[in-house]
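2 protein chains.
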Amino acid sequence: MKFLHTSDWHLGRQFHNVSLLDDQKAVLDQILSYIQSHPVDALVIAGDVYDRSVPPTAAIEVMNQFVNQVCGELKLPIILIPGNHDGAQRLGFGSGRMRESGLHILSSFDDIINPVVIESDIGPVAFYGMPYNDPEIVRHHFKQSVSTHDEAHQFLAQQIRDCFKPEHKNVLVSHCFVDGAIESESERPLSIGGSDRVSHEHFTEFDYVALGHLHQPQRKGEEYIRYSGSLMKYSFSEQHQKKGMTLVELDEKGFKSSTHIELTAPHEMRIIEGELQAIIDAAHTDPRQDDYLLVRLMDTHAILNPMEKLRAVYPNVLHLEKPGMLVGVEQEMAQAKLARSELDMFKDFFSEAQNSEISSEQEQALNQIIKQLSQQ
Amino acid sequence: MKFLHTSDWHLGRQFHNVSLLDDQKAVLDQILSYIQSHPVDALVIAGDVYDRSVPPTAAIEVMNQFVNQVCGELKLPIILIPGNHDGAQRLGFGSGRMRESGLHILSSFDDIINPVVIESDIGPVAFYGMPYNDPEIVRHHFKQSVSTHDEAHQFLAQQIRDCFKPEHKNVLVSHCFVDGAIESESERPLSIGGSDRVSHEHFTEFDYVALGHLHQPQRKGEEYIRYSGSLMKYSFSEQHQKKGMTLVELDEKGFKSSTHIELTAPHEMRIIEGELQAIIDAAHTDPRQDDYLLVRLMDTHAILNPMEKLRAVYPNVLHLEKPGMLVGVEQEMAQAKLARSELDMFKDFFSEAQNSEISSEQEQALNQIIKQLSQQ
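Chains as they are written, first to last, in the UniProt record's numbering: chain A, 1 to 376; chain B, 1 to 376.
Treat the hints with care, since some could be wrong.
Once the Cα atoms are required to be at most 30 Å apart in a straight line, the calculated DSS-like pairs of lysine-lysine come out as [as the list claims (entries may be wrong)]: (1) B:LYS220 / B:LYS165; (2) B:LYS2 / B:LYS143; (3) B:LYS242 / B:LYS25; (4) A:LYS2 / A:LYS220; (5) A:LYS143 / B:LYS2; (6) A:LYS25 / B:LYS2; (7) B:LYS75 / A:LYS75; (8) B:LYS220 / B:LYS2; (9) A:LYS75 / A:LYS143.
Far from chain B by the CB rule (all over 12 Å, computed), these chain A residues [unchecked claim]: (10) ASP29; (11) PRO39; (12) SER120; (13) VAL138; (14) ASP162; (15) ASP179; (16) GLY180; (17) GLU262; (18) GLU273; (19) ALA278; (20) THR300; (21) PRO323.
Computed footprint of chain B on chain A, listed as stretches where at least three residues anywhere in the stretch have a Cβ under 8 Å from a Cβ of chain B [unchecked claim]: (22) 12 to 23; (23) 58 to 68; (24) 97 to 111.
Keep in mind the hints are simulated off the structure, nothing from the lab. Just so it is clear, CB atoms sit at the ideal spot from N, CA and C, and this is done for glycine as well.
Make a model of the complete structure from these sequences and hints.
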């Protein structure tokens with residue numbers, strides 16, 4: 001029994017004011033071709049199908065077309081949960097009507113204990129979905145004293161385990177941050193200060209756990225508790241991540257294997273570092289001039305219109321950094337400024353704004369105010 | 001063969017800053033009870049299910065629940081088209097997946113010539129849907145030189161007629177403004193200046209035409225070309241309209257009859273006219289004190305806090321008009337003011353703002369400016 005595990009599509013996402021929808025569509029086409037040539041029993045999407053709760057209509061149309069091709073033409077069931085970027089109620093409209101034709105959107109708490117059961121060569125496999133919810137909503141809905149993501153997932157996992165049937169293999173689909181897993185820069189935190197972490201221990205009784213939220217493909221705790229990672233790169237910091245989906249195989253004993261199936265966006269996201277002229281000279285032999293680029297200029301002198309010069313060879317330079325410009329005088333000044341006190345900085349401001357020096361009385365008063373504020 | 005024709009639900013609508021969703025839900029419950037006790041073959045919604053293209057999630061949930069009850073529990077097919085208030089692409093997500101379980105959202109041009117065919121005691125009945133679209137979009141999609149709503153509907157109706165099958169009865173579902181039909185105050189014009197009018201002549205070959213857009217139940221042209229009217233009243237000007245849905249019966253020869261099935265919102269919309277004290281005195285014996293009211297005060301003297309006094313007896317007074325206040329001195333003054341020239345009015349303003357009279361030089365300059373402006 002084989003299924004594909006994917007997550008974090010973020011359809012409709014903008015990146016430095018560029019729409020990624022065409023790239024996303026191209027990657028979805030790769031998923032389609034894979035399915036056409038490699039029969040599987042289901043496709044799982046572990047949350048964040050869209051980038052926001054009210055996605056652009058163009059993103060909805062891309063998703064609709066994909067769903068029609070996969071469930072309609074290829075007759076492959078899709079099982080998906082909303083993530084923290086999706087609007088569960090919006091995404092869930094008509095979900096009860098779509099199940100018969102193979103689209104299973106598990107978006108409500110009622111869906112948690114109503115798994116999608118897929119008949120396969122190893123017998124029935126139950127896919128349980130935990131739609132993403134804040135712990136406060138879990139507390140309110142189930143009248144349970146849970147206050148952290150960890151407690152909420154512990155409680156929900158227990159609800160599901162109580163429904164296990166001996167004849168089933170059990171797959172969990174969840175959108176959460178498993179403690180110790182590796183973040184990327186393109187995820188939106190579920191809550192502030194680390195209280196969004198969930199222990200993988202709640203999930204060990206499943207045969208496979210298809211996770212979403214973190215954008216780097218990885219396992220956590222056990223070989224069968226995995227993040228597939230996002231559909232494509234969504235920040236320059238992910239330039240060296242291998243994006244794709246996870247092909248999962250189960251057998252009579254449960255988890256058998258997982259394989260990373262690579263997916264490649266038409267435009268890669270890359271960081272190029274160097275001096276302007278060297279970058280421009282090298283560009284002519286660069287086979288991937290259309291990639292989305294962050295260019296880090298190491299020149300130490302001022303340059304006129306660097307973006308214009310770069311875009312003549314790399315049309316999709318999306319961001320420019322000039323760390324080299326801070327070397328020398330500017331950097332020394334910046335460091336000197338950082339070392340100055342609040343009083344010194346205010347005196348600078350005062351003399352610029354008033355065109356006269358601060359008086360000793362004023363300075364005394366100011367000192368007192370700063371002292372008061374720093375004691376608060 | 002019987003079906004229900006309804007339209008213009010506008011779920012999620014606000015009325016004078018009050019949400020109507022609870023009232024709408026109550027009316028939908030009346031539709032449900034009707035269906036439970038009077039078996040029909042289909043429910044048709046001729047557009048404007050929601051009030052806007054991005055409806056509030058609470059409205060989506062009400063609609064979802066209704067759909068689950070009608071298609072899921074009662075196994076009755078729903079056939080609906082988007083209206084000018086709906087977002088066709090948003091509403092249409094998953095429509096291909098929902099058809100198998102009885103929810104037919106005809107939201108794209110491809111759906112126009114793919115009718116929903118319902119098998120019945122009089123044989124197959126084909127329901128054709130024209131999702132609402134501006135003529136520009138019809139022109140662009142079909143590469144046809146149509147520029148008005150009338151031309152667009154003529155063209156689309158022709159496309160449909162070309163698909164007619166001899167063994168079918170044919171029902172059209174459309175959201176448009178049939179020429180000569182009666183408007184209410186709560187519709188949003190499809191276009192400015194009357195160019196939204198469509199001739200009923202394009203529709204005469206159908207056995208029944210289920211129209212949406214106009215909020216007053218009415219027929220136009222033929223007995224079988226009808227507006228069901230809106231789910232409930234959406235403006236005070238509709239206070240005397242009887243809202244409801246239309247029960248349509250077809251037989252072997254085609255259209256047989258239509259019957260208005262009344263639906264009643266928990267809060268009626270009414271206008272009460274009179275002097276404050278008389279209104280308050282009468283309120284005590286008014287059995288419908290919770291209705292949504294527009295109160296038109298006919299008193300001719302100033303009254304302190306009339307809204308507060310009225311809401312003590314009528315909690316849902318939503319709007320107050322005071323035409324009576326203009327009678328007498330104030331009205332005379334207002335009329336006198338209307339009769340004054342621009343120069344006189346500016347002189348009033350000048351003396352109030354400057355606390356001194358205008359000088360003769362200033363008056364001359366002003367006169368010239370007014371003359372120049374009036375010649376432009």
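Hint-by-hint comparison with the structure:
1. A distance of roughly 26 Å separates the Cα atoms of LYS220 of chain B and LYS165 of chain B; the hinted pair therefore holds under the 30 Å criterion.
2. Of the pairs offered as hints, the one joining LYS2 of chain B and LYS143 of chain B is violated, with about 37 Å between alpha carbons and a cut-off of 30 Å exceeded.
3. Note on LYS242 of chain B and LYS25 of chain B: the hinted pairing holds, with a Cα-Cα distance of about 18 Å set against a maximum of 30 Å.
4. The suggested pairing of LYS2 of chain A with LYS220 of chain A holds, with an alpha-carbon distance near 21 Å, which does not exceed 30 Å.
5. A hinted pair counts as satisfied when its Cα atoms are at most 30 Å apart, and LYS143 of chain A with LYS2 of chain B does not qualify at roughly 46 Å.
6. As the CA atoms of LYS25 of chain A and LYS2 of chain B are separated by approximately 44 Å, the hinted pair breaks the 30 Å bound.
7. Distance restraint check for LYS75 of chain B and LYS75 of chain A: the Cα-Cα separation of roughly 24 Å lies within the 30 Å cut-off, and the hinted pair is therefore satisfied.
8. Pair hint LYS220 of chain B plus LYS2 of chain B holds up; C-alpha atoms about 21 Å apart against a cutoff of 30 Å.
9. Distance restraint check for LYS75 of chain A and LYS143 of chain A: the Cα-Cα separation of roughly 39 Å exceeds the 30 Å cut-off, and the hinted pair is therefore not satisfied.
10. No Cβ of chain B approaches the Cβ of ASP29 of chain A within 12 Å, the least distance being about 19 Å, so the stated non-interface status holds.
11. Every Cβ of chain B is farther than 12 Å from the Cβ of PRO39 of chain A; the closest lies at roughly 21 Å, confirming the non-interface assignment.
12. Here SER120 of chain A stays apart from chain B, with its beta-carbon at least about 22 Å from theirs, past the 12 Å limit.
13. Residue placement check: VAL138 of chain A keeps its beta carbon more than 12 Å from all beta carbons of chain B (closest about 18 Å).
14. For ASP162 of chain A, the requirement that its beta carbon stay farther than 12 Å from each beta carbon of chain B is met, with the minimum near 25 Å.
15. A cut-off of 12 Å between C-beta atoms confirms that ASP179 of chain A is not in contact with chain B; the least separation is 31 Å.
16. At roughly 34 Å, the least C-beta separation between GLY180 of chain A and chain B is larger than 12 Å, which holds for a residue marked as non-interface.
17. No Cβ of chain B comes within 12 Å of the Cβ of GLU262 of chain A; the nearest lies about 29 Å off, and the non-interface call holds.
18. No beta-carbon of chain B comes within 12 Å of the beta-carbon of GLU273 of chain A; the shortest separation is about 42 Å.
19. Non-interface call for ALA278 of chain A relative to chain B: holds, since the shortest CB-CB distance, roughly 47 Å, exceeds 12 Å.
20. The non-interface label for THR300 of chain A is consistent with chain B: the shortest C-beta to C-beta separation is roughly 50 Å, beyond 12 Å.
21. Residue-level check passed: PRO323 of chain A sits 42 Å from the nearest beta carbon of chain B, beyond 12 Å.
22. Coverage of the region 12 to 23 of chain A by chain B is violated. Counting CB-CB distances below 8 Å, 0 residues qualify, and the rule asks for three or more.
23. For the region 58 to 68 of chain A, the assignment as covered by chain B holds, since 6 residues bring a beta-carbon within under 8 Å of that chain's beta-carbons and 3 suffice.
24. For the region 97 to 111 of chain A, the assignment as covered by chain B holds, since 7 residues bring a beta-carbon within under 8 Å of that chain's beta-carbons and 3 suffice.
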